[in-house]
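Undergrad: Following the hints, position chain A against chain R.
The primary structure of each chain is shown beneath.
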Amino acid sequence: MAVTIATGAVKTKREGTLGYLLPALLLIAFFFIVPVLMLLMRSVLEPEVGLQNYEALLGSTTYLRVFVNTFMVAGVVTIVSIVIGYPVAWLLAIMPEKWSRIVLAIIILSMWTNLLARTYAWMVLLQRTGVINKTLMRLGLIDQPLALVNNLVGVTIGMTYIMLPFVILPLMGVIRTIDPAILRAAALCGAGKMQCFLRVLLPLSLPGIAAGALMVFVMSLGYFVTPALLGGTSNMMLAELVAQFVQSLVNWGMGGAAALVLLVVTLALYAVQLRYFNSARGK
Amino acid sequence: MLLDFDKLGGLRTFLIALVVLVCVFLILPIVFIAALSFGSSQWLIFPPPSWTFKWYQDLFADPRWFYSALTSLKIAAIVTVFSVVIGFLAALGLDRGRFTGRDFLRALFLTPMILPVVVLAVALYALFLKLGLAGTTIAFVIAHLLIALPFSIISIGNALEGFDRSIEDAAILCGASPWEARLRVTVPAVSHGIFGAAVFSFLASWDEVVLAIFMASPTLQTLPVKIWTTLRQDLTPVIAAASTLLIAFTILLMIVAALFRKGRKA
Chain R
1 MAVTIATGAV
11 KTKREGTLGY
21 LLPALLLIAF
31 FFIVPVLMLL
41 MRSVLEPEVG
51 LQNYEALLGS
61 TTYLRVFVNT
71 FMVAGVVTIV
81 SIVIGYPVAW
91 LLAIMPEKWS
101 RIVLAIIILS
111 MWTNLLARTY
121 AWMVLLQRTG
131 VINKTLMRLG
141 LIDQPLALVN
151 NLVGVTIGMT
161 YIMLPFVILP
171 LMGVIRTIDP
181 AILRAAALCG
191 AGKMQCFLRV
201 LLPLSLPGIA
211 AGALMVFVMS
221 LGYFVTPALL
231 GGTSNMMLAE
241 LVAQFVQSLV
251 NWGMGGAAAL
261 VLLVVTLALY
271 AVQLRYFNSA
281 RGK
Chain A
1 MLLDFDKLGG
11 LRTFLIALVV
21 LVCVFLILPI
31 VFIAALSFGS
41 SQWLIFPPPS
51 WTFKWYQDLF
61 ADPRWFYSAL
71 TSLKIAAIVT
81 VFSVVIGFLA
91 ALGLDRGRFT
101 GRDFLRALFL
111 TPMILPVVVL
121 AVALYALFLK
131 LGLAGTTIAF
141 VIAHLLIALP
151 FSIISIGNAL
161 EGFDRSIEDA
171 AILCGASPWE
181 ARLRVTVPAV
191 SHGIFGAAVF
201 SFLASWDEVV
211 LAIFMASPTL
221 QTLPVKIWTT
231 LRQDLTPVIA
241 AASTLLIAFT
251 ILLMIVAALF
261 RKGRKA
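Residue numbers (the numbering used here), protein chains in the order written: chain R, 1 to 283; chain A, 1 to 266.
Isolated chain R (complex conformation) (with noise of 0.2 angstroms):
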């Protein structure tokens, strides 16, 4: 009885819960939902009603050559770094934890570190008479200095950089959660080295595999610093395309429609994720 009544005033003391998202709410709605689809509006009405800024968007040969690169550069940044990562992040879940520490250490700094500086690291490297061209002539592998910056090569060198940590940590995370019985199990029943890894291990990471790889692609089709600084004028990627479009052309129309491309490749896969993740959860 007493105990009702308590929790009945503590319920009464407790009301409006509500109310606490209200500045967070205020603050989305008016700064973030509206402004995107205003902006979205802009591409169907600017400068006269229509789709003819999706026509030109889609319809150029120029605009195809940024999706084109968008979509390539994405997509070999994901693979090295699901091809590099993965066996980081393996022997990180398994190596004795003072020296994963360390390696830890490292990945975390390279995170942390102000993204400009990491780019810039890698435009000094990367030129003509950069580091990595002098050592490779020293070496005598080429002749020439090769062009590493200004290009796709610089750009998908300087991404995978950035992306590596993103698919090492959270695969490191997957990995840790499976049982090593299970694989002691394989072996014991015959299964070699190769066939435990291919049938055992890789299938029960591949959850992991997934989920790093698409978040991986999602952040590299909308990226914009590094393609920017690395990848130079020729080069263009689709953020670097809605930025033009409004910093240096003023054209609006076609800045927004570009922005909705971008926007909804963005969320369609990110609904791919969460429909992946409710049905692996679901099992």
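DSS-like mimics (lysine-lysine), calculated; alpha carbons at most 25 angstroms apart, straight line:
| id | chain 1 | residue 1 | chain 2 | residue 2 |
| --- | --- | --- | --- | --- |
| 1 | A | 262 | R | 98 |
| 2 | A | 7 | R | 193 |
| 3 | A | 7 | R | 98 |
Read the hints as simulated data drawn from the structure, not as lab findings.
TA: Same frame as chain R, now just chain A:
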């Protein structure tokens, strides 16, 4: 077998070699920039012909660098305060509220984090042009608050999830008002989440480039904008000096965070 570190056999050597290589790859640019900032070569030749503090002197001699750092600090500090307060309230509302659409609302609050930031930047730029706020501190704070808030909601939300609510109820039963209970019982109990929220919010604003490029005006620039505009002109070693200071700042933050975590465990 494959998950037993001691039984990997030859595979272990291969994996260790790969991890060492990746570590070198990750640390190389950072070390390299720090070294070049003390090198005398204008064209960033490595190894540098001799060592110098010239670039640091240039950096400190130009007041624009100092002012942009000050602007960054000011904006990041304001963003941190708002992000933690609004984030705490929102996390509390999401944690306590039992209403339909809660998951949707949570996802909505986190969306600015996953959307391409350039879209948000362009959209906000258009809005602030219309409102006459373009190039103001308010515009900067609002833009950065949008991307800092998700970090606060996640960090404080996780802490609240691990907090036993009946402790707060007990305080209320003992005569505390709900807000008294929250401020004197709940807030201290989730202080690690609040600390995390503050650090991430600060960094989100301090390091942010894309929104900042669109929010900046010739008279109002944050440090990343200053680096960006300088980088677009040339690769001067002054940027290496600025970057090195930023890296030192990052390491300092990591140490503080590690000490804080250690202190909490003890």
